[in-house]
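Residue-level listing of the chains:
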Amino acid sequence: MAVIQTRNLTYMYPTATKPAIRDVSIKIEKGEFVLITGPSGCGKTTLCRCFNGLIPHFYQGEINGEITVAGLNILEHPTSELAKHVGLVFQNPENQLFALSVEKDVAFGLENLGYPREKMQKRVDWALNLTGIYELRERAPHELSGGQQQRVAIASVLAMQPEIMVLDEPTSFLDPLTAKKIFEVIYELNNTLGITVVLVEHRLDLTAQYSNHIIIMNQGKVVLDGEPREILSSKETRLIGVGIPKATRLYQILKEDDGVKLGKKIPLSSEEMTKLLREVIKT
Amino acid sequence: MIEVEDVYFTYPNGIEALKGISLTIKNGEFVAIMGQNGAGKTTLVKHFNGLLKPTKGKVSIDGVETTKVSVATLARKVGFVFQNPDHQLFSETVEDEIAFALKNFGFKETVIKKRVSWALNLLGLTKYRKTSPFMLSGGERKRVALASVLAWDPKILILDEPTIGQDYQQKEKLRQFILQLKAQRKTIIIVTHDVEFVAECNPRVILMREGKIVADGEASKILTTPEVLNQAFIVPPQIAQIFFQLSDLGFPRNIIDIYEAREILLKAIRRKTM
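Those protein sequences? They're chains G and C, same order as listed. Each residue of the first sequence is one higher than the one before, starting from 1 at the first, in my numbering. Each residue of the second sequence is one higher than the one before, starting from 284 at the first, in my numbering.
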């Protein structure tokens, strides 16, 4: 079942002279882990803003084409209603935090959904622990570092356990090990609870291994859409200038340029690449 | 030259962010400061342009202690590009943004014009000359912030997380660009979490943990020492990971460059198949 579907979606910001996204037709199935990537300014963030109705309800502008999210036509439903189904983590955490304490920020969404107090506390603690910020729960979000704020923003969305999580470069300020742990948590939730994940990222070496669907955008259009291993090893992807994982790139160089007979499964992580190398070195 | 002698720094709220830092950065060096969130990286570099003054110890730029000059005087020499571009942008157009500091430093109108065009062109922003910085994407705003600092041509350039929100091509341009600045004997200091970017640039790496320096040396050495990296919450670059995993087969462990990796692997594979 498709949880997000667009047909010829085109959108132009109020003062812009050309559309930020053009003729976008995509289909995201329930339970998928989708990576959206592409050069900066390609329209990734704009597309995410459509998924919870911020576009067009908040940003205004001109929208054409069709888009349904969790079965709802976003044009006919306010953001408040869409928010019950879609949790969005913004690129810049400062745009999303506002409460006087971390705990209150994380609880905010649940409060709005009318969760009973005890259940809410449990869920908030769970999200704070998963993101490693339990000890910050009484601090004011605006006093925290960029990386800590980012974890608060992620915890706020995790706490809601929405059907669909949309994350726009959610860990850009985090150190790599913490970022890796967060992606593992998100992957785990995707796996166990079937939460659909839409992740916008440039750093594919940290994230490609979790995805089972990738969408590459360029200049407002979707240019490639499909299976990650195939797409990341294609020539088109390289020409657009997407930073493919180094393990994938090494595989390509050895196989295509040097004619090494490496296995068929295109690697997305160092472990997968090591396995293939062992096969040719140890025989 | 930047000299840091046994520097301690405590924030007004009592958090001790630096605990005895000593280091020297020579003119023309390219340094990456890495480490966990909250390790004190940004606090340390804010001492280099006098935004913060040490609670104990001293910081000197070209022999002058930062407590003895104003931030404005230091700024002419030490350019600082913040992590979050929104903390630094405020003008109505990209062009005005870049011209702002130049006007403050008292450059002539004709010079300002030239410098602005040069900086716009350098960072691929010419088409946004008349656009409001707030209409741009996160990655583009980041480039505007960088352009506005480069325009006054500081001798020392500090970039706090320059690769955030930048796509692969932009990062590649940034790398080329840093190398160019390095060739002009500029000192470049980046604070970053981006291990793949550091692996491609191969700078001197300073690794911090809890307000102290835990390692200092060449990228190919530091990024391939797992014990130190773990302490600093850094995941090794993918190429280094592959070589750790293959180390039982007798491969070297200090490889971070993809082309070096290719040569070594090819030799090993050909030896087996011949």
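These are computed hints drawn from the structure, not numbers from a lab. Among the hints, erroneous ones may be present.
[Said to hold, decoys possible] Distance condition first, Cα-Cα at most 25 Å in a straight line; then the derived PhoX-like pairs of lysine-lysine:
#1 C:339 x C:360
#2 G:255 x G:275
#3 G:180 x C:360
#4 G:255 x C:504
#5 C:410 x C:397
#6 G:265 x C:555
#7 G:235 x G:27
#8 C:550 x G:261
#9 C:410 x G:264
#10 C:555 x G:275
#11 C:504 x C:469
#12 G:282 x C:410
#13 C:469 x C:351
#14 C:495 x C:339
#15 C:309 x C:339
#16 C:391 x G:282
#17 G:221 x C:410
#18 C:351 x C:397
#19 C:339 x G:264
#20 C:504 x G:180
#21 C:550 x G:265
#22 G:221 x G:261
The hints, checked one at a time:
no.	hint	result
1	C:339 x C:360	holds, 24 Å
2	G:255 x G:275	holds, 15 Å
3	G:180 x C:360	violated, 37 Å
4	G:255 x C:504	violated, 28 Å
5	C:410 x C:397	holds, 16 Å
6	G:265 x C:555	holds, 22 Å
7	G:235 x G:27	holds, 24 Å
8	C:550 x G:261	holds, 14 Å
9	C:410 x G:264	violated, 44 Å
10	C:555 x G:275	holds, 16 Å
11	C:504 x C:469	holds, 24 Å
12	G:282 x C:410	violated, 54 Å
13	C:469 x C:351	holds, 23 Å
14	C:495 x C:339	holds, 14 Å
15	C:309 x C:339	holds, 22 Å
16	C:391 x G:282	violated, 68 Å
17	G:221 x C:410	holds, 20 Å
18	C:351 x C:397	violated, 33 Å
19	C:339 x G:264	violated, 59 Å
20	C:504 x G:180	holds, 22 Å
21	C:550 x G:265	holds, 23 Å
22	G:221 x G:261	violated, 36 Å
The structure fails hints 3, 4, 9, 12, 16, 18, 19, 22 (numbered hints given earlier, in ascending order).
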